[in-house]
Each structure stands twice: as structure tokens, then as C-alpha cells.
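Keeping the supplied structure of chain A fixed, place chain B upon it in accordance with the hints.
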Amino acid sequence: MTDQTAPPATALPYLTPGTRAALASLLVAAICLALEGRADWLWEWPDAWTLPVTDWISQGLGWLFDLIRPVVRVISTLLRYPMDWVNVALVQTPWPLIIGATVALGWYAGGLSLALLSAIGLGFVLASGYWVEGMNTLALVFVSVPLALILGLFIGIWANESPRARPWIEATLDLMQTVPTFAYLTPLLLLFGFGPVVGLIASAIYAAPPMARNTLLGLQRVEAEVKEAGIMAGATRRQQLALVEIPAASTQIMIGVNQSLMAALSMVIIAAVIGGFDDIGWEVLLTMRQANFGQSFLAGLVIVAFAIIIDRISARMATNRDRHDLRISWIILAASAALAVYAWAALPAASDIALLAPTVEAVDGALTQFTRATGATLDSIKNTAMFYGLLPLRIGLDGAVLPFTWGFSWTATMSWVLLGGGAALGLAVALTGRVAFGASLPVMAVVLETGVADLPWPFVLFGVGAVAWVAGGWKLTRLALVLLALILVSGLWERALLSLYLCGAAVIACAVLGGLLGLLSAVSNIAWAIIRPICDMLQTIPLFVFLIPVLMFFQIGEFSAFLAIILYAIVPMIRYTRHGLVTTPPELLEAAVAAGATKTQIMRDVRAPFAAPTILLGLNQTILYAFAMLVITALIGTTGLGQSIYLALGQADVGLGIAAGAAMAILALISDRIVQGFAEERRRALGL
Amino acid sequence: MTTPDANGTPAIAVEGLWQVFGNDARARLKEARGRTGSAPEAAEELKQQGLIPAVQDAGFEVREGELFVIMGLSGSGKSTMVRCISRLVEPTAGSVLIDGEDILAASPKRLIELRRRKLGMVFQHFGLFPHMTVAENVAFPLKMLGKSRAERRARAFEVLDMVGLDGREDSYPRQLSGGQKQRVGIARSLAVNPDIWFLDEPFSALDPLIRRQLQDEFLKIQSGLRKTIVFITHDITEALKLADRIAIMRDGRIVQIGTPAEIVLKPVDNYVREFSKDVARGRHACLDSVIQTEGPLPEMPDDPKLRIDMTLDDALAACMSCYENVPVYDRDGKMAGYVHPKELADALTVDSE
Numbered sequence: 011m012t013d014q015t016a017p018p019a020t021a022l023p024y025l026t027p028g029t030r031a032a033l034a035s036l037l038v039a040a041i042c043l044a045l046e047g048r049a050d051w052l053w054e055w056p057d058a059w060t061l062p063v064t065d066w067i068s069q070g071l072g073w074l075f076d077l078i079r080p081v082v083r084v085i086s087t088l089l090r091y092p093m094d095w096v097n098v099a100l101v102q103t104p105w106p107l108i109i110g111a112t113v114a115l116g117w118y119a120g121g122l123s124l125a126l127l128s129a130i131g132l133g134f135v136l137a138s139g140y141w142v143e144g145m146n147t148l149a150l151v152f153v154s155v156p157l158a159l160i161l162g163l164f165i166g167i168w169a170n171e172s173p174r175a176r177p178w179i180e181a182t183l184d185l186m187q188t189v190p191t192f193a194y195l196t197p198l199l200l201l202f203g204f205g206p207v208v209g210l211i212a213s214a215i216y217a218a219p220p221m222a223r224n225t226l227l228g229l230q231r232v233e234a235e236v237k238e239a240g241i242m243a244g245a246t247r248r249q250q251l252a253l254v255e256i257p258a259a260s261t262q263i264m265i266g267v268n269q270s271l272m273a274a275l276s277m278v279i280i281a282a283v284i285g286g287f288d289d290i291g292w293e294v295l296l297t298m299r300q301a302n303f304g305q306s307f308l309a310g311l312v313i314v315a316f317a318i319i320i321d322r323i324s325a326r327m328a329t330n331r332d333r334h335d336l337r338i339s340w341i342i343l344a345a346s347a348a349l350a351v352y353a354w355a356a357l358p359a360a361s362d363i364a365l366l367a368p369t370v371e372a373v374d375g376a377l378t379q380f381t382r383a384t385g386a387t388l389d390s391i392k393n394t395a396m397f398y399g400l401l402p403l404r405i406g407l408d409g410a411v412l413p414f415t416w417g418f419s420w421t422a423t424m425s426w427v428l429l430g431g432g433a434a435l436g437l438a439v440a441l442t443g444r445v446a447f448g449a450s451l452p453v454m455a456v457v458l459e460t461g462v463a464d465l466p467w468p469f470v471l472f473g474v475g476a477v478a479w480v481a482g483g484w485k486l487t488r489l490a491l492v493l494l495a496l497i498l499v500s501g502l503w504e505r506a507l508l509s510l511y512l513c514g515a516a517v518i519a520c521a522v523l524g525g526l527l528g529l530l531s532a533v534s535n536i537a538w539a540i541i542r543p544i545c546d547m548l549q550t551i552p553l554f555v556f557l558i559p560v561l562m563f564f565q566i567g568e569f570s571a572f573l574a575i576i577l578y579a580i581v582p583m584i585r586y587t588r589h590g591l592v593t594t595p596p597e598l599l600e601a602a603v604a605a606g607a608t609k610t611q612i613m614r615d616v617r618a619p620f621a622a623p624t625i626l627l628g629l630n631q632t633i634l635y636a637f638a639m640l641v642i643t644a645l646i647g648t649t650g651l652g653q654s655i656y657l658a659l660g661q662a663d664v665g666l667g668i669a670a671g672a673a674m675a676i677l678a679l680i681s682d683r684i685v686q687g688f689a690e691e692r693r694r695a696l697g698l
Numbered sequence: 089m090t091t092p093d094a095n096g097t098p099a100i101a102v103e104g105l106w107q108v109f110g111n112d113a114r115a116r117l118k119e120a121r122g123r124t125g126s127a128p129e130a131a132e133e134l135k136q137q138g139l140i141p142a143v144q145d146a147g148f149e150v151r152e153g154e155l156f157v158i159m160g161l162s163g164s165g166k167s168t169m170v171r172c173i174s175r176l177v178e179p180t181a182g183s184v185l186i187d188g189e190d191i192l193a194a195s196p197k198r199l200i201e202l203r204r205r206k207l208g209m210v211f212q213h214f215g216l217f218p219h220m221t222v223a224e225n226v227a228f229p230l231k232m233l234g235k236s237r238a239e240r241r242a243r244a245f246e247v248l249d250m251v252g253l254d255g256r257e258d259s260y261p262r263q264l265s266g267g268q269k270q271r272v273g274i275a276r277s278l279a280v281n282p283d284i285w286f287l288d289e290p291f292s293a294l295d296p297l298i299r300r301q302l303q304d305e306f307l308k309i310q311s312g313l314r315k316t317i318v319f320i321t322h323d324i325t326e327a328l329k330l331a332d333r334i335a336i337m338r339d340g341r342i343v344q345i346g347t348p349a350e351i352v353l354k355p356v357d358n359y360v361r362e363f364s365k366d367v368a369r370g371r372h373a374c375l376d377s378v379i380q381t382e383g384p385l386p387e388m389p390d391d392p393k394l395r396i397d398m399t400l401d402d403a404l405a406a407c408m409s410c411y412e413n414v415p416v417y418d419r420d421g422k423m424a425g426y427v428h429p430k431e432l433a434d435a436l437t438v439d440s441e
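Chains as they are written, first to last, in this note's numbering: chain A, 11 to 698; chain B, 89 to 441.
No lab work stands behind these hints, which were simulated from the structure alone.
Incorrect hints may appear among the rest.
Quick partial rundown of chain B residues pointing at chain A, CB under 10 Å, derived from the structure [what the hints assert, rightly or not]:
#	residue
1	G208
2	P218
3	L230
4	L233
5	R262
6	A279
7	F286
Simulated DEER-style distance windows between Cβ atoms [said to hold, decoys possible]:
#	chain 1	residue 1	chain 2	residue 2	range
8	B	S265	A	D288	56 to 64 Å
9	A	W340	B	R237	48 to 56 Å
10	B	T97	A	L696	52 to 60 Å
11	B	K135	A	T608	47 to 55 Å
12	B	T97	A	E180	43 to 51 Å
Just so it is clear, CB atoms sit at the ideal spot from N, CA and C, and this is done for glycine as well.
So that you can see chain A by itself, here it is in the shape it has in the complex (with noise of 0.2 Å):
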């Protein structure tokens, strides 16, 4: 430490925001400590300070809800019909008739592969013994998906012609979005009232705004010189849109038109959790408690099937206009009829076949004896990863270190050895001129003293709010500090940081374990041919089966749903790490070479950097994904506003379901807020 390297003592004009926000953050923390014990209100928000939010809204909701209860049930009523149809339809009709019209589809939209694809999918539904269950699901998804449809088509349109809403109906389908699939839930069954109309109602809800927004992406991607030489035709508006400007968006909206179908199917699925209805959510969910795996894992392979086909069907309609010969599908559709027809006697009805039964008892055996066999080196490593781990970051390592885990006990003489240590080490990396990361160290020795579950409010509040002021300015500083005000003083502040340590963790361990599978797909073709089919494969799944294997193997439990996060949100990170290194433009990557780079070199400093954006969009989805997430595992036992808002549902307690799920859906929108705005700062800074 020469006086080269010490900053100058007139740096503090220079300081650059990221170390003023550090430097900030380590005044209140250190404030923070020194009060410890002496200022309670400090480190914990006084009960007195709490608002009664979640009364206010249960009795603003309950006296709205009374009032158009009436008009409501009316729907209600008039829902019931059609689902009943599309249900007797579903399920009556002989299945070699749907399986036939299913893979005359597959034909006509994809050729052979799909058409494989349709049989052996619905093959093995059939196979399972979960037709009529799977039927009824489906029923749900095909009254649901049009209303989604139709209203997503007619928000989108009308963002699209009225400038003026534009902003308020995006905001709005944001806000949709973030908001916890489970929330939804709530306020319908105390509208509705138990059954499967709830199902419906929220998979509509749910499945609307990735329609409306395809739909307003595609219209408004529709070239400007397509829409002029409508116009210049001499179209009116009405007929410009019908002949010319949806037709002319139609992959995107029929892009929409998957996504929709893929988001109805997830949202019905979960709706199980109402319960009332047989379908294949139920099934899970009802051998998933009585931890009859075998079966549990069946049913979730039969969610999954539907889901590949449904949506590798309606992908390839979206994004490829070149159809099969239809003469095909119609023999295979005549087919099937005779042999429904012929057969009519003879085949066994759906409900009677169970081929997979022994496959299910063998599986439920196999898996007894693995656990039983690796019993306990899963326990050790569901073990080390919980006390060495999760708890230490949950409460601290001054509330996780114990005789009987870690083999002594936490000291305060440890907490100063620590805070010095982070100090000590934060100072002198500080002098190499990094004094943001210097300043940010002891901050982390902070945190993990503590616990994120234990952090005192005002630094939270102020550390939050120095990471927005550097990513996204006052502005973003204001707003995120005055919606992390709304969930203190509604009284959930504990539960929320919870969530947000239980989330944290999983997208730390997503960020580092996605971005090296990115980086080896990046750099490996081999690796990426195996990965890649399995990033589609959890990107097409339903949230709920996630939590089958993990349950299979690690029982109830936190460290269950952490896993469960992670295999739904590290796929993200993996796509958009590679993504970002694989598409450098070729002229830098030309220029690196002829500067004589090697292979690490290039990686390092002109791959990298240039993915930068990309990888902090990934890790956005990442996060967006594991909050989505962390609401479903509240199913397998974890604490926190999941927890909350499960719970919410099992008592209609709409007040507590809706804010609880609104500040689910804060944290989210801070979190994407922020990320964002480092992302747009890294592509400024690289002039994209």
C-alpha cells in the first residue's frame, strides 16, 4: 500500500455512483449495528407502526364483491355451459377418435415428426390411465383459452389504436404478469364461489395478456410501408385492420395464440389447488400429499405430454406457414372414426386402461429403495446444503452456527472478527482504486452476519434504494422506496424478506450454475445439443410437476423448493448467457483475432463484455421466473409471502391474498426495474 495506489483526498468529488451508494449503504449498516439492542424499532418494524392494509382491502373487496356477486354468478352460470360441453364432448367422444384428430393436426402443421410426436404423447396419456382426467383439464384449457383469446385480441387492438391508453394497458399487463398465479385466485373464489369456474375464469385472466401483447407487437411491427399501401388503396380503418394489418401480423399473434394456450394450461393446473374438480392437477396434487410418488410423477409426465404437444403444435402454425398435405390428415381422421366405429364394443374405455400401473408400482419401488440406499448421502447433501448454506444467509451466522451443526457456537468475538475481517479486506481492496466492490464487502459481512431474514429495516430500505439511484436514477430510487414503504407498513415486511432470501439464493445459484452452462454451450456445440433440448423441455413444462422430483427425492421442505427454483429459472440464464457470447459480431471477433487474442483472451475481453446486456437480461428473466416459482413451492412447505397467499386461499382471506401477492409483485417489479436498468446502461455504454 504505496501512496500511489491510496485515492487522493480530493477523490470525493469523482466518486462514481456506484461507490456513493456503497460507501451509503456501509454508513447505515454500520449506524444500523452500533444501535443494535439499543434501538428495537431499528431492527424490527413496531407493530404499532402497522396499518390494518389487508383488513381495508378485505372489507373494500367484500362490499364490491356484494355488489356485483349477482351479475357475476349470472356469468358464472352462463360459463357453465359451454365448459359442460366441451367437457361431455372431450370425454365422451371414443378416444382412438381424438388421438386420430390430434395426429391429423400434428400431420397438417408439422409433418411426420409431429404426428409422431401427437401419437406417442397421446398414447401414453392413454396409457396412464388418466384419460378422462386429462380430458377434463383440457376442456377447462379449450373453454378458457378462446375468452383469453378474444380479449387479449381486443386489449392489443385497442393499445394499438389508442395511443393515448397504450401506457396505462402495458402497465397494466406488466402488472398482471408479475402479480403471483396464486393471487388470482383468491379474490375469484370468494366471486365465484368453489369449483371449476374459478379455473376457468382465472386461466382466461392469466392467459389474456401474452395474447394482447403479441397482438400490439405484432400491429405495431406491421412495416409502415404495408400500412400505407393499404391506405393508400383507400381502405378505411376497419378495413385496414381486418384485411391488412392483422393478417399482416399474424405469426406474432399467432405466436401470442401459444403462449396463451401454454399460460391457460399452467393456470389450470394450479387452479387445481381450489380443488372440486377431477382433473390431472388434482391428481397431482392428491398423490403428491399422500406422497405416493409413482403415480404423482405419472400424472405430472402426463401434464407434460399435453403441454409438448400443445405447444410444439401451435409453434410450428405460428412460425411455419408451410402446411402437409391435408389428404393424409384426412385419412388418418377416417381411420380412427372406423376404427372407433368397428371397435366401438371391443375397445376398452379409457378409464379401464392402466398399462402403466406395474410401471408406476415399480417406479414407486425403485424409488423406495434408492432412498432408502442413498437415504442418507441425500440427507447429507440436503443437510450441508441447508446449515452451510441456506440457513446462515436466511438468519444470519450468528443465529445458524450451533454445537449441533457446526460443532461450536456463534460468539460476538466471531461477529467482530468478521465485521473487522470484511473491513479490513474492503479497505484494501479499496486502495487498488475498486473502492465500490471495497465498500460493498463489508456490507456483505453484514448480511451474512445478520441473515436476510433479520436485516434491519432502514437498511434495507436505504441499501435498495442506493442500488436504484445507481441503476435507474431519483426516479427509480423514489418508486422503489415508496412500494418497499407500502409492504412495511402493511405488515409484511418479515414474510417478504423471506421471499426474498429464499429467491435470492436460487438466483444467485441460477446466475452461477446457468451462466458456466451458457458459457460451455457457448463454447461447446456438443454441450449446447444436450442442453438445449432440455432448456425446452423446462420451458414448456407447467410450474406445478417441478415439484414432483424434487419431492421424490428430497421430501418437504425449503431446500425442495430452492431446487424447484432453480430448475424452472436457471434456464433463462443459460439461453441468454450463450445467446449473448455466440452473437458478437463477427467484424470484432475478426479484429480480436488479427490483434493476436487467443481463444480466453477473445471470452474475456471482447466476448464478455459485448454480452453484458444480454446475460443481465437473462438474469432478469431468471428472477421474474423464480419469483413465479416461489409462489408454487409455497405447496411443499416454504415460508413467506408464498406461504401467505397459499394460505390466503385455503381461508378466502382476500385481503391477505391480494396484498400479500401485490407485494410479491413489488419485489418482482423492483428487482426488474433495477436489473433492467443496469442492462440498458451496460447497452448504452456499448453504444447499442
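Leaving out everything else, chain B in the frame of chain A:
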């Protein structure tokens, strides 16, 4: 080359046309014009307020059957200009008369009517409807007119034949080459046989060989149809080749309007001169731009039989051995004026610094 207008009303008359982009453009333009004397000053003031004056105080007339080219570099406002005339964008101020009718005052209904029957437009990037076949694209304006399916198809085939694209009627735009796409664009714009034809850089997106080929065919089609044309281009060679008259735009202003010969021989400023610098003047200017018709006839010992519509190059070649004034005849063989060979040579070199 300019023919006097027969009925007196120009096909298109543009006057005091402004297109300013930005918030509250109309009021702020009015304000700026009230404060400052000249259009350039007003434009300067608007720019300082963060507005974009894309077209400034433009005025010109296009005669019936005339091929009027608006030429300028990218960002000069030429594309905006043609969109103002066709009212694809709403001009901020000024007037546009089409056959004497103020198109800016037209009701939405009337505007649709005008577009359906009277106006046709071709776009730089073709603007073809991606979801329609070639024939459906061409028939679209006819559909808007309410023609029957059979009628539409027959007429579409007819126009497609005219642009040399028969046989591709049922292809989709994505299956065509750039040149073929623009043939579809041209066919579509002609389907309702409009009186006025806007072409916005129709050949700029094509490669040079195809471009020249389409220019020639375009001239052939036009010689048969005699439409009133507003043609936008950034290519001086194209402008000189096609135009009856050219308007040169710079930074939103029209800096010169004239015949190709006038543009080449008498550029008003260095900007226009710069454009025509690399153009072989002798090939584009005809004798009518340099002949003397006034005063008593001088003595003319030689007669190389110059005609008024000869290019300067040809004329100069014909009177290589003449050193006195020579007579120039018009198309009917009557004497139209005279020219001195030295003036001819000077005209070709007048601007070389």
C-alpha cells in the same frame, strides 16, 4: 421540351407546405412564422425548440401528364413531401390542390374516395401484403372499390401482364426477387388506373442492372399511360433520365426546380452543382437550353443541320469544323434560332472550376 398547359389547372399544386414533427407543431410553427420574416429563419427557430421541420415552405406545380421528380439526399425531406401530398402524414401548414381540389381540406370519406379512384403509390421497400398472393396484392385496391372477384382477377392479370409478371400470379411476395416485387408494387398501384401516380424511390432498393431495366420499362409504360407522376429519388442519374422537371431538395427546402438541362447547366448553387458534377452534361442537356432566338439573325456560312432536340454532345460533334454561328431547326424543319459553337463548348464546361 416543356409543353404549355392545356386547361390551365395544374394536376398538383403545392403551396407554402410545411411539415414539422414534434409536440404542438402547428401552434409553434405559426408563432415562429409570425415572429420571423423568412421561412429559413422560422425553420431555424423551430429546430432550436427541438422540433423537426422536415418540409419547409415548399411550393411547386405539376402539370397533367408531367413526370415530376423530387430529388434529394436522405433526410432532405423528399419522402415526407410525397407523404404530405398524398396526406399519409398530416401537413402542418400549407395547401395541396389536386386538380384544383384542396386535399388537405378533404373529409376522411372524400380522402378514401380519392385514394380509391385517383391516386396510386409505389413504395421503396415495395409495401407488399405478405399474406396475399401476387394477384391478391394487385387486386386489393379493386377490392376496396367493391369490384367482383372475377373482375378483380381479370384486371390483376391484365396489369401483371403489362409489368411483365404473367405466370407468377399465385406466388407469394416472399417467393419473388426484389425486381419482381417492385413489378408487383407497380402493378398494384396501376390496378385502378389512377390519374396521379406517386413513386417513392421505387428503384432504390434494387441492384443497378435491375434498376436500369425497370427504369426503361417504367418509361415505356409511362409513354403509353401519360400519368401525372411525382417521382422521388436520391439518384441524380435516375432523375435526369426520367424527369420532365426536377425539384432538388435540401434540408427540407426546395432549392431549385427546372428541366434536367437547367439543373445541369444552370445550377443555382454549389449544392446543386455538386450533384451534377459527375454527370456528363452533354448527354442530358439539349440544344433548346442554349439557343439564341432573339435579335437579328447573324451571318451563318455553315449549316451542320442542328435540330433543337439534339443533345449538346451530338450538336458539338456535328459542328466540329464550324467557327461561326450555326442555325438550329425545330422538329418541323423550321429555323428555331441559332447557336455559336463556342457557346456550345462553354455550356459543357461552364462549371468546372
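### Query
Which numbered conditions among the earlier hints are violated in the structure presented, ordered from lowest to highest?
Hint 9 alone not satisfied by this model.
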